Amino acid sequence: DQQVKQNSPSLSVQEGRISILNCDYTNSMFDYFLWYKKYPAEGPTFLISISSIKDKNEDGRFTVFLNKSAKHLSLHIVPSQPGDSAVYFCAGGTASKLTFGTGTRLQVTL
Amino acid sequence: DVKVTQSSRYLVKRTGEKVFLECVQDMDHENMFWYRQDPGLGLRLIYFSYDVKMKEKGDIPEGYSVSREKKERFSLILESASTNQTSMYLCASSLAGTDTQYFGPGTRLTVL
Chain A
972 DQQVKQNSPS LSVQEGRISI LNCDYTNSMF DYFLWYKKYP AEGPTFLISI SSIKDKNEDG
1032 RFTVFLNKSA KHLSLHIVPS QPGDSAVYFC AGGTASKLTF GTGTRLQVTL
Chain B
14 DVKVTQSSRY LVKRTGEKVF LECVQDMDHE NMFWYRQDPG LGLRLIYFSY DVKMKEKGDI
74 PEGYSVSREK KERFSLILES ASTNQTSMYL CASSLAGTDT QYFGPGTRLT VL
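Line by line, the protein sequences give chains A and B. Residue numbers for the first sequence follow my numbering, so the first one is 972 and each next one is one higher. Residue numbers for the second sequence follow my numbering, so the first one is 14 and each next one is one higher.
These are calculated hints, taken from the structure and not from any lab test. Predicted model only: the values in this text are computed from it and were never measured. Note that beta-carbon positions come from the ideal geometry of N, C-alpha and C, so glycine has one too. Take these hints with a grain of salt, some might be off.
Below 25 Å or equal to it, Euclidean Cα-Cα: the simulated DMTMM-like pairs (lysine to aspartate or glutamate) are [unchecked claim]: (1) A:1008 to B:41; (2) A:1042 to B:72; (3) A:1008 to B:82; (4) A:1008 to B:30.
Simulated restraints, written as ranges between beta carbons of each label pair [to be verified]: (5) B:28 to A:1049: 44 to 54 Å; (6) B:66 to A:1038: 14 to 24 Å; (7) B:31 to A:1081: 46 to 56 Å; (8) B:28 to A:1029: 25 to 35 Å; (9) B:125 to A:1052: 16 to 26 Å; (10) B:93 to A:986: 41 to 51 Å; (11) B:95 to A:1081: 23 to 33 Å; (12) B:123 to A:983: 44 to 54 Å.
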């Protein structure tokens, strides 16, 4: 049973435009959600997180939105840059354990 | 700065061999984790540890064991490597009571 789902395996966006990455979850016990970014041959790096009691968190070009009633979160990147090209994983957290989605590969084109 | 290191970036082993993957963190984190990453499956938790000498099974522990004798070091052991254990192995650590995990660079293991 996949508790965290990223239904889009890939996304292509033009430089300067908005990238929107989506994530759905089924486990209502998650008390935190996180986004990680991963380049090939490197470990994931933490990007941004949101508590389950909030609906938005912003950090520079990155904003995460949480819709608890829909069990949906999204990551917005504005403006997108070529260096943002990577695989993005969302994760739900509870009791210090994370459950990851399958990832979305973002390609930012010139 | 947060630092998690893994003993090897690339490893090639034969079926049936015993394999040790080492992970060291220098942040004095209580929690340590082992994941494997496979295409289309994301990161799956193998084992984790909340303290020295403690270990908990994750979602896919079969064929693996772990050892945590010191706070900074968490070892993943493949008792008898099989081809279906060919994967990218990622170690992570976090502070007790927090969700943000910090990852090492990964070990790409190939079992022939």
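Now the hints, each set against the structure:
1. A:1008 to B:41: Given that 25 Å is the threshold and the Cα spacing comes to 24 Å, the pair holds.
2. A:1042 to B:72: Distance of about 22 Å is within 25 Å: holds.
3. A:1008 to B:82: The hint is violated at about 31 Å.
4. A:1008 to B:30: 33 Å, violated
5. B:28 to A:1049: 44 to 54 Å: 49 Å, holds
6. B:66 to A:1038: 14 to 24 Å: For residue 66 of chain B and residue 1038 of chain A the Cβ distance comes to about 41 Å; the hint is violated.
7. B:31 to A:1081: 46 to 56 Å: Roughly 48 Å apart at Cβ, these two residues keep to the hinted range, so it holds.
8. B:28 to A:1029: 25 to 35 Å: 50 Å, violated
9. B:125 to A:1052: 16 to 26 Å: 40 Å, violated
10. B:93 to A:986: 41 to 51 Å: 49 Å, holds
11. B:95 to A:1081: 23 to 33 Å: Because 44 Å falls outside the window, the suggested range is violated.
12. B:123 to A:983: 44 to 54 Å: 31 Å, violated
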